[in-house]
Structures are given as structure tokens and as C-alpha cells.
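A.B. asks: Here are the chains, one letter per residue:
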Amino acid sequence: MTQAEIKLCSLLLQEHFGEIVDKVGAHILQTGSQPLRLISNDTGTPLDQVKKALCVLIQHNLVSYQLSKRGFVEYEAHHDRVLRILRYPHYIYTAKTLYGDTGELIVEELLLNGKMTMSTAVKKVADRLTETMEADGKAMDYGEVSSTFVRLVDTHFIYRCPAPLEPPEGAAAPAPVAPLLLTSEKDMYTVPKLSMIGKGKRRRSSDDDDDDDASEQQTKRQKKEADSKETLPDDGIYWQVNTERFHQHFRDQAVISAIANKMDQISSEIVRTMLRMSEVTTSSNAAHTQPLSSNEIFRSLPTGYNISKQVLDQYLSLLADDPLEFVGRSGDSGGGMFVINLHKALATLASATLESVVQERFGSRCARIFRLILRKRHLEQKQVEDFAMVPAKEAKDMLYKLLSENLVTLQEIPKTPDHAPSRTFYLYAVNILSSSRLLLQRCYKTVANLIERRLFETKENKRLLEKSQRIEAIIASMQATGAEEAQLQEIEEMITAPERQQLEALKRNVNRIDASENQVDETIFILESYISTSTKP
Amino acid sequence: MADIKVKLETADLAEIENRILELCQQLPHGITDQVIQNELPHLEPQHRAVAINRLLSMGQLDLLRSGTGLLYRLKDAQSSGKMKGSDNQEKLVYQIIEDAGNKVASRVDFTLVMLVSEISCWLGSSVLSAGIWSRDIRYKSNLPLTEINKILKNLESKKLIKAVKSVAASKKKVYMLYNLQPDRSVTGGAWYSDQDFESEFVEVLNQQCFKFLQTKADAARDNKQSPMIQRNSSFASSHEVWKFICELGISKVELSMDDIETILNTLIYDGKVEMTIIAAKEGTVGSVDGQMKLYRAVNPIIHPTGIMRTPCGLCPVFDDCYEGGEISPSNCAYMSEWLEF
Ligand code: SF4
Chain L
5 MTQAEIKLCS LLLQEHFGEI VDKVGAHILQ TGSQPLRLIS NDTGTPLDQV
55 KKALCVLIQH NLVSYQLSKR GFVEYEAHHD RVLRILRYPH YIYTAKTLYG
105 DTGELIVEEL LLNGKMTMST AVKKVADRLT ETMEADGKAM DYGEVSSTFV
155 RLVDTHFIYR CPAPLEPPEG AAAPAPVAPL LLTSEKDMYT VPKLSMIGKG
205 KRRRSSDDDD DDDASEQQTK RQKKEADSKE TLPDDGIYWQ VNTERFHQHF
255 RDQAVISAIA NKMDQISSEI VRTMLRMSEV TTSSNAAHTQ PLSSNEIFRS
305 LPTGYNISKQ VLDQYLSLLA DDPLEFVGRS GDSGGGMFVI NLHKALATLA
355 SATLESVVQE RFGSRCARIF RLILRKRHLE QKQVEDFAMV PAKEAKDMLY
405 KLLSENLVTL QEIPKTPDHA PSRTFYLYAV NILSSSRLLL QRCYKTVANL
455 IERRLFETKE NKRLLEKSQR IEAIIASMQA TGAEEAQLQE IEEMITAPER
505 QQLEALKRNV NRIDASENQV DETIFILESY ISTSTKP
Chain D
1034 MADIKVKLET ADLAEIENRI LELCQQLPHG ITDQVIQNEL PHLEPQHRAV
1084 AINRLLSMGQ LDLLRSGTGL LYRLKDAQSS GKMKGSDNQE KLVYQIIEDA
1134 GNKVASRVDF TLVMLVSEIS CWLGSSVLSA GIWSRDIRYK SNLPLTEINK
1184 ILKNLESKKL IKAVKSVAAS KKKVYMLYNL QPDRSVTGGA WYSDQDFESE
1234 FVEVLNQQCF KFLQTKADAA RDNKQSPMIQ RNSSFASSHE VWKFICELGI
1284 SKVELSMDDI ETILNTLIYD GKVEMTIIAA KEGTVGSVDG QMKLYRAVNP
1334 IIHPTGIMRT PCGLCPVFDD CYEGGEISPS NCAYMSEWLE F
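Heads up: the protein sequence lines correspond to chains L and D, in order. Going by this note's numbering, the first sequence runs without a break in its numbering and finishes at 541. Going by this note's numbering, the second sequence runs without a break in its numbering and finishes at 1374.
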């Protein structure tokens, strides 16, 4: 793992779980597997704090444990999972577009809590939805939330966490040092039968009298205890977000939008249909989808795209003939069989990403040279000048720039054993894989920089932020007690106009940086996906 | 016909060779195949080839490329006269330069050369040469550099040879016989004027070609035909592009279709254009060897990628930037500027 990755992981852990978790997490990331005591020693953190931190990390699937050969439990952190924290907003947003507000909240809750039972998740979401509804007494039905939950499971966006083995009946074996967690393939996507009846509850508004409040609290607590005593039917069955499935969806979106950009809307809609049909039949890391016949595709096209079979066939053969090669022809039966070349598409997207980097950083002439070398594989400087039609001096400059940024490589092929420069070929080449890896590191560092800057912006304005929060709180409580308009205004004016401006600017900046973090993550996603497909055997 | 097929007698061969040499003497500027054919109408082409090959290998004849085809000339018929008063070293250097001038033809098999002669008609009226570099003259002659420079100056002043600046390297001079013209490898062709690469000219052409293809692609998209027709009508052949550029009149020099294809290639490397080759009926406008190159403008598949929309993506001091350092995200001016924008 590189320094950039560790740095970013540490920033993410700190932001989401606080300092201690960051200290513990970053330490295990750097050192690899470690037993509890060593972690405590090395980080100078009390044992119970380390334990708590590890609990948090395990709960969020960022750390796993395992029995070492010497008999103690070792903890290992997974940097790839930590880095996914960056992608949480994207997961949540996707759930919203696919399954509405309910889906959004379910995924959000699961991500915030790491793992949850279905019943708690459904209740929580129903409560939250009820709160946002108009105050006319309407409430969200549990049943409705459950059914969205089930749909998310059915489409594999959520899956069941591995569970400890049931101890064999009667045997009084001592509990194992480290529980072994197992997933049964069969149960991974089966939802327990739950009949959840009821509606979301609104939190009591805060205008209750103090006395009332206290008694309320008490009854609540009592109720809570009663609640937790009656075990829920799905106790012990926990669920988590299936990030792989989301990634598959992101990949599909990337392919679809590439087609839409290069060709047109209808072509991309056809590809979308093909990808949707393949979702269940094709494993997420397959090189290409299962073959689909043109007839099948025709039947599955969404209504509203009024295109005839004949026109569909034309689109399909244009897609298959395009040099992009995202769609391939795999046979002639059933009106032609077609596949989507997923790995090829990712490779193309990765190289387009690199091209875009060269274009933005070094200009279009440099991008021309880069693409030229990419196409021709190996070229001498003179050939680069001739093909790209760039003056010799400029070409030389650009090649050296690309070389120093590791975007191209230079290979020496001596004609004679003495390696004399005058009798040596100097060949430039592009290695997409290694350049992608380097760019990925640059992305990690960029996100870390953005986070640092965001923290800095908020820190700079800390006093102001606190002041405005205080004032808002005062106003809220005054409004609740029915203060007069004039009074409210007076309080509001405690924040001066320039202060208000500053707050606005801060808000804008933070939003802007946030948005950029997500944009960089898009680049990261493409590069990571490409690298993982091209390095797996 | 049977008698002609009989194997060529040595005596006959000598006879033919003599006739050819005689012809060359009559026409000291050189003779073409056509001349030999007119003078010896009964001579079989194969026999002619054998005879010429022998004369070439014996060093009696010189083979030159010219605008109208190949030219045979008596060796030294011209130069020996001019070389009067030169010493052996000077002759040697002249010989090396002369050889370099027609190195294409002199070593190629004759039958192949006959083929070349048909193709090379487009070469223009003057004899072209790639010339020879002074360092190569030194290698071949084994004379000291100072000596060679003196000889070259001498020969230049006698107008027997000339020096031409090559586009390949600005300081590289090549030498060739005085009556030869530098070929494309020396002048660089349409893209060079006075050894300078006309970068702006190339870019203007690049833009104009793209504009042409883009307009065509837009029109194809707007005509709302079936997808197949839309795609097909977005293509333009290199001939069409060439015609458009010629009619535009932006070029002072005459551009060939090859020149335009070179420009179109740069558009392919720009990622803006795609090319396909289709089979075309012989004689279709713009087809070469039964093939036609078709070009069309295409859109990029992605927008500028995420990281390039942040200041760090473009940052020149990226590697020196770390929190707590001289340059850091907190004090970064690029960030401040970007946030204010
Ligand atoms: S924070 Fe500023 S200085 Fe640092 S890499 Fe980004 S742009 Fe460059």
C-alpha cells in the first residue's frame, strides 16, 4: 500500500469515526495483521479504547480478524474497504434513483451502521420518513419499507452478513477464541419471513414541559427495555450493503454513458437493455455478458422506444461494427447474437481517462502524440514527428514531458553490443496499466488534499460557525415559545452582514470541494475497475 | 514465334549490347526504353532486360530516374569531361556523390526497375535525389575531414555538385550532383518552406478538414433517416476532403491526396475522426487499388475526467505538496483561486 492510500484512509477514518479509530485503523493498515495487545502498545492507546475502536471497524466491515498460527487473534484492516467510504454518497444517490427515498434511506442507514437487522433498519427508515412527511398525522407504513428492502435484496444491492455457526445442540464446547463466520450461498439473498405491521413514529416535539419530558423519557426507556426483551424474529440476521453490486451498476452506467456520448441516445438505451438483461446471468467480473439474441433484446426494449425490429438490427450491427468494440457479435442464430465486452470497455474507458489527463494537462498536441503512440505501440521520435505533424523541437519537448510524468515509456534497443547512442533505437511506448496505477495514486492524493482543504476552511471559520449555530438554536427555541417577530429579528442581526457573507462563501466552498471529491472518485472508480480486471487471471 | 524463344546466343547478346551502347553514344543525355524499342523493334523485352542488366553490372551504363521513366546513359560520358583537371581524390568524392544520387536504381533488379519506371512517371520532370551527408562521404572515401571539405568546396565552385539543407536536421547538409533536385526526404514536401516546418499551416488544414467532416456528420444526424443511412452519410472519402480543401484555396502549394490523408491521420490521433477502408470499384473517384478510405467525425466517449476538474489534477508542484510543508493544501493558491472562481 502506498503512502497516498494510507494518508487518504486515515483522513477518511478520522472524519467518519474520530481520532481513536483513526489511530488504531491507520496503525493496522500500515503494519498488516496485529494482535490486540500489540496494537495497544504500539499506538499507546488503552486496551479498552482499542477494543472499542476495533468493534467500530469490524462493525463497518473495515477490519477482519482471524486466528493466527500461534493461537491469538489478529486483526487486519482492508484499505480497499476504507477507501469505499469515499463512495458512500454515490451508493446512496444510486439507491435513490433506483428505489426512491425509501431505498435511499435504507442504504444510508446500512452504510451509517455497517450492519443492521432488517427489522431495525425498516423501523428506523419508517420513522425517518414519517418525520419528513407533512404534520397531518400521516405515517410511513412498515410494510412499504419492507417491500423496498426486499427488492434491494432481490436485486442483490444488499446481502446478508456472514453469521457464526450455530453451536451443535447440547455440546458444551467452550466458545471458540474467534468465532468463525460463514455465509451460505443459499441464504445470502433470502429475506426472513417478517410480518412488520405498524407505522413510523414521530419523535415528540420539544415543546413538552420539563416534567412531562422526564416522565416521557422514563416511559420510553421502559418501553425500550420491554422492546429489546421480546426478541425480534430476525434477531441475529444482519444485512450489509453489497458494494460489488453497486460497482457493477456504476460500471454499466459508465458504459452506457460512453455509448450515449459517442453514438446516440437510442444506441445507449439498447445497451442499457442488454446490460439489464445480463445483470443476473453474468457474474460481476466476467469479461463479457452472456450472448443475447436480437429477438430477445427486441422483446425487452422498454416501451416508449418505438423502434421496429428492423431498425433495432441496424443499431445492433452499427454497435457491433463500431471501432469502440463495446458490443460484439457472437453468433448468427436468433437474428444475431450479441455480447457486451465488459473488460474491453473498461480498458477503453481507462485509456480515455489517461488521454483526457494528457489533454487537460499538456494540451491537445500532446494528446495527439499520446494517442499516436498508443495506437502504433512503438515509435521513434522521428516517427512521432512525422505522424503527428508536430515540429521536431515541440515533439521532443512533449515526449520528455510525458516521459517525466511516466505517461510514456522509453525503451532502448541497441544495434551493437556497445550500446552506443548513435547505434541505438529509442522507442516510445504507452503502458496503460502502469500509467493507470500512477494516475490512481495521484487521485488518492488529490482527494486527500481536497479533504485537508475542506477541514482547513471549516477550521478557519470555526468561531463563526459556532456562533451561527448558537444563534440558530436560540432562534429555534424562541420560535417554539412564540416570541415576537421583532425579537427574532434582533437576534438574527447578531450576525453581521459581512459575517453572513463569509458563512455563505464557506458553505459554497465546502460544497464545491465535496462535489470535487465525488468527481475524483469517479476517476478512481474507472481506474480501479480497469486495474482489477486486467490483473486478475 | 518459336525462333525467338530459342535461348539467346552469346554472340547475339554481344550484338545487342553493342547496339545499345551505340545508341547511348548518339544520345549522350541518355536513352529510354522507348528509344531502344524503336531502334530494335524485334528485340524481346526479356532479352533487352538481360542485356541492360549486363551492361549495368559491367559498369558501362548508368541508370537514372527521370520524369518520363528510366534513363540509360553511358557511364562517365558527361562527367569525365567535366572532371578534367581533377585529381583522383576529387574523382573519388564525385563518384561517391554520384552513386548516392541514383542508389535506388543501380542496385535493384532490372525487371523490378521496369515496374518502378511505370509508377515513377509522377515524379516530375527533374531527377530527384536524397543526396549524401558529408559524414557518409568521409566513411566511404576514408579521406580526412579537412581534405574532404576542401574537395567539396572545389566541386561546388565548379558547379558539379551542390549542397542542400535537409529538413531532417537543421545543421545537416547533404550533397548531390548539380543537376539533380532534392527529393522529399530533404525538402520535407508540402509541409516545409525553406526547411522550416509549417506548423501553423498544418494546424489550419487540420481544423478545416475537421470542420468539413463535422458539418457532414451533423447534417447526417439531422436528416433523421434510418441509423444505417445516418452513419453512412456521415462518411467522406479522402478525395472529397481533398477537393474541399483545394476549393477552399487556403494552400499556396499544391496538395496531393496523400498530403490530405496525412492531415486526416493527425485528426485520427486527435481522437476526433475515425477511418474505415472499403472496397471500391476500380475507377471510382478517390479509390486507390480498389480501396477507398472513408473518414468521419466522432464524439469523444467521456468528458474531461473527474480529477482534471480539480486544481490538483493540473498542479505543477503536486509532488512537493503536503500538509505542513512549504506548499500545502491549506495554503494553496491554486485552490483559493479555484474556489473563488
Ligand atoms: S493542493 Fe494546491 S499545491 Fe497541492 S497539489 Fe493541489 S493544487 Fe497543487
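The reader is advised that the hints may include incorrect statements.
[Claimed, not checked] Anything over 10 Å on all C-beta distances counts as not near chain L; from chain D, calculated: (1) Leu1076; (2) Asn1187; (3) Gly1282; (4) Thr1295; (5) Arg1342; (6) Leu1347; (7) Met1368.
[As the list claims (entries may be wrong)] Covered stretches of chain L, as calculated for chain D (at least 3 residues, CB under 8 Å): (8) 365–371; (9) 390–404; (10) 429–439.
Honestly, the hints are just simulated from the structure, not real lab data. Glycine included, C-beta positions come from ideal geometry on N, C-alpha and C.
A.B. asks: For each hint, tell me whether it holds in the structure or not.
C.D. replies: Evaluation of the provided hints:
no., hint, in the structure
1, Leu1076, "holds, 44 Å"
2, Asn1187, "holds, 29 Å"
3, Gly1282, "holds, 21 Å"
4, Thr1295, "violated, 7 Å"
5, Arg1342, "violated, 6 Å"
6, Leu1347, "violated, 6 Å"
7, Met1368, "violated, 5 Å"
8, 365–371, "holds (count 3)"
9, 390–404, "holds (count 7)"
10, 429–439, "violated (count 0)"
Violation of the numbered hints given earlier is confined to hints 4, 5, 6, 7, 10; the remaining hints are satisfied by the structure.
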